[in-house]
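Chemist: Residue numbers (this note's numbering), protein chains in the order written: chain A, 1 to 829; chain B, 1 to 829.
In short, the hints are calculated from the structure, not lab data.
Just to be clear, a hint being listed does not mean it is correct.
Some chain B residues judged to face chain A by a derived CB distance under 10 Å, without partners named [claimed, not checked]:
{"id": "1", "residue": "Ala101"}
{"id": "2", "residue": "His119"}
{"id": "3", "residue": "Thr674"}
Here are the in silico distance ranges between beta carbons for each label pair [as the list claims (entries may be wrong)]:
{"id": "4", "chain 1": "B", "residue 1": "Pro234", "chain 2": "A", "residue 2": "Val633", "range": "21 to 31 Å"}
{"id": "5", "chain 1": "B", "residue 1": "Val214", "chain 2": "A", "residue 2": "Arg632", "range": "51 to 61 Å"}
{"id": "6", "chain 1": "A", "residue 1": "His397", "chain 2": "B", "residue 2": "Pro707", "range": "50 to 60 Å"}
In the SDA-like style, the derived pairs of lysine to any residue whose C-alpha atoms are separated by at most 25 Å in a straight line are [said to hold, decoys possible]:
{"id": "7", "chain 1": "A", "residue 1": "Lys647", "chain 2": "B", "residue 2": "Leu215"}
{"id": "8", "chain 1": "B", "residue 1": "Lys595", "chain 2": "B", "residue 2": "Gly563"}
{"id": "9", "chain 1": "A", "residue 1": "Lys490", "chain 2": "A", "residue 2": "Val461"}
{"id": "10", "chain 1": "B", "residue 1": "Lys647", "chain 2": "A", "residue 2": "Ala219"}
{"id": "11", "chain 1": "A", "residue 1": "Lys490", "chain 2": "A", "residue 2": "Pro581"}
{"id": "12", "chain 1": "A", "residue 1": "Lys490", "chain 2": "A", "residue 2": "Leu502"}
{"id": "13", "chain 1": "A", "residue 1": "Lys446", "chain 2": "A", "residue 2": "Arg564"}
{"id": "14", "chain 1": "B", "residue 1": "Lys739", "chain 2": "B", "residue 2": "Val715"}
{"id": "15", "chain 1": "B", "residue 1": "Lys296", "chain 2": "A", "residue 2": "Ala353"}
{"id": "16", "chain 1": "B", "residue 1": "Lys647", "chain 2": "A", "residue 2": "Lys446"}
{"id": "17", "chain 1": "A", "residue 1": "Lys647", "chain 2": "B", "residue 2": "Pro210"}
{"id": "18", "chain 1": "B", "residue 1": "Lys647", "chain 2": "A", "residue 2": "Thr623"}
{"id": "19", "chain 1": "A", "residue 1": "Lys5", "chain 2": "A", "residue 2": "Gly598"}
{"id": "20", "chain 1": "A", "residue 1": "Lys546", "chain 2": "A", "residue 2": "Lys647"}
{"id": "21", "chain 1": "B", "residue 1": "Lys490", "chain 2": "B", "residue 2": "Gly563"}
{"id": "22", "chain 1": "B", "residue 1": "Lys446", "chain 2": "B", "residue 2": "Pro581"}
{"id": "23", "chain 1": "A", "residue 1": "Lys647", "chain 2": "B", "residue 2": "Asn538"}
Where a beta carbon is used, it is the ideal one built from N, C-alpha and C, also for glycine.
Each chain, letter by letter, is given below.
Protein chains: 2
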Amino acid sequence: MARKKILVDGNEAAASVAHRANEVIAIYPITPSSPMGEHSDAWSSAGQKNVWGIVPDVTEMQSEGGAAGAVHGALQAGALTTTFTASQGLLLMIPNLYKIAGELTAAVFHIAARTIATHALSIFGDHSDVYACRQTGWGMLASNSVQEVHDFALIAQAASLESRIPFLHFFDGFRTSHEVAKIEQLTDDDIRHMITDEMVSAHRSRALTPDRPVLRGSAQNPDAFFQAREAVSPFYRACPGAVIAAMEKFGALTGRHYELFQYHGAPDADRVIIAMGSGCEAIHNTVDMLNAQGQKTGVLKVRLYRPFSAEHFLAALPATVRTLAVLDRTKEPGGPGEPMYMDVVTTLNEARAAGNSPLADDLVIIGGRYGLSSKEFNPAMIQGIYAEMSQDTPRNHFTIGINDDVSGTSLDYDADLDFEDDDVVRAVFFGLGSDGTVGANKNSIKIIGDGTDNHAQGYFVYDSKKAGAVTISHLRFGPRTLRTPYLIRKANFVACHQWTFLDQFEMLDKLMPGGTFLLNSPFGAADVWDKLPLEVQNGLIEKKAKFHVIDAVKVARESGMGGRINTVMQTCFFAISGVLPRDEAIAAIKHAIEKTYGKKGEKVVQMNYAAVDASLANLHEVTVPDAVTSDRVRPPVVADEAPDHVKQVAAMMLAGNGDLLPVSAFTPDGTWPTGTAKWEKRNIAQEIPVWEEELCIQCNKCAFVCPHAAIRAKVYDPEHLEGSPETFKSLDYTAPDFKGAKYTIQVAPEDCTGCDLCVQVCPGKDRENPERKALFMHEQMPLRDTEPENWDFFLSLPDPDRTKLRTNVKGTQFLEPLFEFSGACPGCG
Amino acid sequence: MARKKILVDGNEAAASVAHRANEVIAIYPITPSSPMGEHSDAWSSAGQKNVWGIVPDVTEMQSEGGAAGAVHGALQAGALTTTFTASQGLLLMIPNLYKIAGELTAAVFHIAARTIATHALSIFGDHSDVYACRQTGWGMLASNSVQEVHDFALIAQAASLESRIPFLHFFDGFRTSHEVAKIEQLTDDDIRHMITDEMVSAHRSRALTPDRPVLRGSAQNPDAFFQAREAVSPFYRACPGAVIAAMEKFGALTGRHYELFQYHGAPDADRVIIAMGSGCEAIHNTVDMLNAQGQKTGVLKVRLYRPFSAEHFLAALPATVRTLAVLDRTKEPGGPGEPMYMDVVTTLNEARAAGNSPLADDLVIIGGRYGLSSKEFNPAMIQGIYAEMSQDTPRNHFTIGINDDVSGTSLDYDADLDFEDDDVVRAVFFGLGSDGTVGANKNSIKIIGDGTDNHAQGYFVYDSKKAGAVTISHLRFGPRTLRTPYLIRKANFVACHQWTFLDQFEMLDKLMPGGTFLLNSPFGAADVWDKLPLEVQNGLIEKKAKFHVIDAVKVARESGMGGRINTVMQTCFFAISGVLPRDEAIAAIKHAIEKTYGKKGEKVVQMNYAAVDASLANLHEVTVPDAVTSDRVRPPVVADEAPDHVKQVAAMMLAGNGDLLPVSAFTPDGTWPTGTAKWEKRNIAQEIPVWEEELCIQCNKCAFVCPHAAIRAKVYDPEHLEGSPETFKSLDYTAPDFKGAKYTIQVAPEDCTGCDLCVQVCPGKDRENPERKALFMHEQMPLRDTEPENWDFFLSLPDPDRTKLRTNVKGTQFLEPLFEFSGACPGCG
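Just chain A, same shape as in the assembly (with noise of 0.2 Å):
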């Protein structure tokens, strides 16, 4: 039986199988576990059945807390349920877990792994949340891609109602739930294959109901509590058993075939990481290529962390492993060692005391902490893992992917070490946030999966501050399961979306010798070349790079699409990445088009087409030089006026080079200096609000709306106009106030985002031709092209943090108005 393929992430690869399996499914939506949440919200609103034919009840409660008291009780009254959750949302429901396990109540719940907040928040991936759990008696089950966590989603449900012990199935965070990929996905009869009628009969016979009253929730005391306590314990037992079962019968009827602790690498292998979740694809990969170079490496993929069975753990080892590394994605300090460090170190050392160790009595183990966070965990890393373990004595209690110059746990690694597969075609984009890029590239990904056989993979890198920021896809296309949860070093394809970009990333590093640069350039194949900073140049000469530029702007507005490029980027990608035929390629987006458009009509649809067409009519290849031209240098990221601290850490993070800070360059206890976020300049308006004074009438609305303080109605003494530029604007101050006194409302082109609130509250207005108003938006491109003069002579910061600043990134001497309005965040400088 052929499945359909899908082109899912992991939170939809849950949910699909979530949604379908329950009866009520109570959330509450938290980063990065939401979408399933939404997803099923959204299924149920549009009456889609589960595999029984019923609609399943999605309910929305006031918190993470109320979700999982809601769970525990629809669980009471029989009902298959279900939730998503995550992070601090994940602890909130702690109660409940050791209530609903201690019943022995079968349920699963999602967990999008998510980092718990200490010295900061983070919405990013890592284990510190369901290690949080470990204690509560709930099974726990990892799973390690999206088809994983599509699989494990069923395979839990399955165990857990054969079991009764409630389920943790868990994935991560951003990593798994977001990562788009091709997977088979499972039919109704698949769902209804592993979880019986007999199943779900027994979970309803342990409903409470006065058709056979009996009571939970009773209060135990000293005389009874611990005996009734240790009745629970043959189910624990038995609970792997009944995962193994559920595995089995998946394996019999998908051909995927999983185990309670699978291995992966050299039958004789001497050195083996034990780990959870995603990182172990990326083990995985690395252990086939080392042990390719004749290593004998091994990956133990601990997919059922509780209940943890000893016996299938010792039975997954290779005799002659000499070192293992057990590895824990989450920090907790204070501890003798991370959760699963001590409990494969418990385990062997009760064998070896038992006489029962298949290992060696000098079997040496060691733990580390990677990936907190989401930070990176690649191929690079892993060979630093297993070199340490070839040591004779290892560093134990290692981190790995960071530089732990404070405590000096950190393995080296060759940074500069890339795997990847030669037939694997690897893309990287660098859109803004919200300007379509990710979608067009989860359209891409669809096509080139569709249309072949190829493995496909998205992973989006968002920038936290969302909309307006940088958002970098990475794609990969290859003919074997792509087992690479990190991002693409070496691309050959590599797509910059936004002209400004160039002077803030170091785009090139991604690029492999002789691999495509695509840019979005207002400036045509004859004339870009000089335009480009001289880093952009030198990145092109040195990887001979093929070159390519199109005014996407342009072709989009003249194709009618407004500001959205993303067809035209698309329609460029596919034109010049060679993933597909050209002529494929194209005929594949324009079916696509039709699809998306189609019921919106034949003259939307045409105009898509026009605009494929003129993409490729406009995308035109630059060759690339033997010499450098420019004269001009990238900016530096802050001005050197700021301070050392914005310097030195926050501008790292803002050239995207964070992760090439150490230890020591953060507080331990997350304190942060204040008004570090107007030293960002981050240019990413397409065009900004121009005041036409004539129209003014001195309200100050707009310095008020906007949300980012960038405009500044200023009233000052006349004596500072002296030596101002020929086109810098005034008015006299109107109020009775300061007479005599001047006024002017200016613009921070860097720190406005373009949203042009400022103009939709502009009441001034042009009585004979009300188009015409106050404040207007007028492109800027390039952006710092537009009246430099008058930016650099007059705009003043204001004072957060009482340092009476008075110079901006460019070091403008300013000048003291007499006052000012200004709205929203006054951070923001």
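Keeping the supplied structure of chain A fixed, place chain B upon it in accordance with the hints.
Modeler: Here is chain B on its own, set in the frame of chain A:
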């Protein structure tokens, strides 16, 4: 400097320091930690100041989540801040625990460690709650006795301020939080000496303030979070040193010397138990006794559980040890072992691997669970563990103190074994909840504690039914520190404060041969013997007991004390127990009376004096005959007609023998049959309502308000009256429906608690004599002699579980009424 000796329980010992050493206290009281919050609130309400002259700001929040949030906020504002909690309350604080620790904020939370609800709720003590926080980055410091609670409350705060690691300071809920002991009180100077102005200034300097603005609570991304998180490590490495420094400073100050890991026992011990909390005291005591017998045992008391200092742990163990047993007061099903066991295995395995373990390589380490939900943990059990440790292959993952006939985990031990020093006076009192017994006993401890150099200990075993249920007081007095955090098995003195208990509890089991038994009896010395159940006569003869009786109810009433028998029984205790010379004791009681009641005027004082004198006059010794004479055996705990589960499980628990129930007696998921409460005939009412039918207006209010549904109003066919007893009362039913029916109000005396709510609401009055009401309270003593024929004849039970039950405890047949009125909880039967 002589410090004051005070008599306090663990909660007050903690609160006494916490209130004096903090400025902000946010609370949401939860059993058994509530008194800490309540004391603090009362003290602040009374204007009591902390050691810096400020009245701490005590605020009750809406939940423990709110309390933790308020604490977090106050700490960030630079206030010395604390809270008190336990169990689910602590779980709700977990998200804030991560934040407070992540931000390196000095604070101490005082935890009366309590069971987390699983298959059932329990208000009693174990370490499942604090273990659920071991991963949060908080320091964890365990106190083992009331004195240690007092001391460590201060040491923890000093260490936290010094190290910036926040601390959970925990002690065993109930066993320590509610144990009353004579301790040395820390002075305000002690607190100021330990918490220096420099520490407070440093804490203040880390506050968020606009004067030195910094930002906390930021969001970090994958580029920075991991490194920033690792920056905290040096603080955890330094923390044990800060605790040692605080302990040493404290030791120099008070002479009480504590260590992170405190070893007690043979310097060349072959067996060492490792534990935390009150159990350590019991082990300490047992070690002394075993070693006195020539054994070589030891105990390692873990005080600083987090950060777990491997260095100090290894240094504390004798090199001679061959077997270690790690005891965890929790159960974490599904894990490879309980938490501290894994910590110890990990630490020793690392030392062995590094070649720096001071211990033998073939050291045996086992782990066990004990004391869940305040399950008794006494020397008999501890000797059982040491005996098991002498085996060649001692059982791992054992349980002790229960009979686990399901999984076979439990160790055998000689339950009859009892170690007590001969010079420790032990007294056990059976009182009724709310009858003043506990208060009087606390007062007795104070008298003895104040009047002598003796150490004193009081522990009160409350039934969770609270008011109206049995409360057993366990009092010890002795010349040395009392390391006896377990119940008295053999007492010098046993008092029964309620006659009805003779039919319910095996009190004489707790009496030493030759000990004294004091009975509050409505029968005098001449008559009482024949009124005793056969079992009690047997017990008195076998124990060669000294037997005293007093009609305390009569004495109290005649002395003007109403129903309050506590002063009477206390006087008798002092008169015959020999704990103090009789005259001295009586003088001390009178002194205490003057102190307590002096403000209420001379009359009250004299009334109490009179009660003391009357008590002595009415206290009579009964000569115990050589042979039994009674033909009355104790009635069965529940009726023969009760369902099997009630007879086999509930009845054991009702009789106080729940500890003997094996694991198999309990369902694994906490499910319990309904309708069992009706089989528990508590017989606790001293007076029950009597129906004066001629005044009844048939309003049925009495039946509606009865909280135990012990009053029933029935309408029935007159034919049912056939064969009714002479004394059976009935009326014509007056409402228009059911013409010709009869109406009767009946009371179930064994279910009635004597609360008299029914009498309070009864509107049926005699117009001539308003004192006469349709319901009035009337003494019934002994209970079962009250109009038994009426009661047996006609009482019908409701049918909450739909089993058409038609028999009650005495097996009488009942008639079915046409309908009946009843209020309150129908399950109480």
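Chemist: Hint check: Lys446(B) vs Pro581(B), CA-CA at most 25 Å. Holds or violated?
Modeler: 16 Å, holds
Chemist: Does Lys647(A) pair with Asn538(B) here, judged by a C-alpha cut-off of 25 Å?
Modeler: Given pair Lys647(A), Asn538(B) is violated - Cα atoms ~89 Å apart, limit 25 Å.
Chemist: With the threshold set at 25 Å, check whether the alpha-carbon distance from Lys739(B) to Val715(B) stays at or below it.
Modeler: Given that 25 Å is the threshold and the Cα spacing comes to 10 Å, the pair holds.
Chemist: Given the proposed pairing of Lys490(A) with Val461(A), does the C-alpha separation stay at or below 25 Å?
Modeler: Holds, because 16 Å separates the two Cα atoms, which is no more than 25 Å.
Chemist: Is the hinted pair Lys647(A) and Pro210(B) satisfied, with a Cα-Cα distance of at most 25 Å?
Modeler: 24 Å, holds
Chemist: How about Thr674(B): closest beta carbon in chain A under 10 Å, or not?
Modeler: The hint holds - Thr674(B) has a Cβ within 10 Å of chain A, the shortest such distance being about 4 Å.
Chemist: Has the given pair, Lys647(B) with Ala219(A), been kept, meaning a C-alpha gap of at most 25 Å?
Modeler: 19 Å, holds
Chemist: Can we keep the His119(B) interface hint, with Cβ of chain A closer than 10 Å?
Modeler: Since the shortest Cβ distance to chain A is 4 Å, the answer is holds.
Chemist: Do the alpha carbons of Lys647(A) and Leu215(B) lie within 25 Å of each other, as the hint requires?
Modeler: Status holds; Cα separation ~17 Å.
Chemist: A range of 51 to 61 Å was offered for this pair. Does it hold for the Cβ distance of Val214(B) and Arg632(A)?
Modeler: 37 Å, violated
Chemist: Between Lys647(B) and Thr623(A), does the CA-CA distance stay at or below 25 Å?
Modeler: 94 Å, violated
Chemist: CB of His397(A) to CB of Pro707(B), is that within 50 to 60 Å?
Modeler: 59 Å, holds
Hint compliance for this structure: hints 4, 5, 16, 18, 20, 21 and 23 are not met, and every other hint is.
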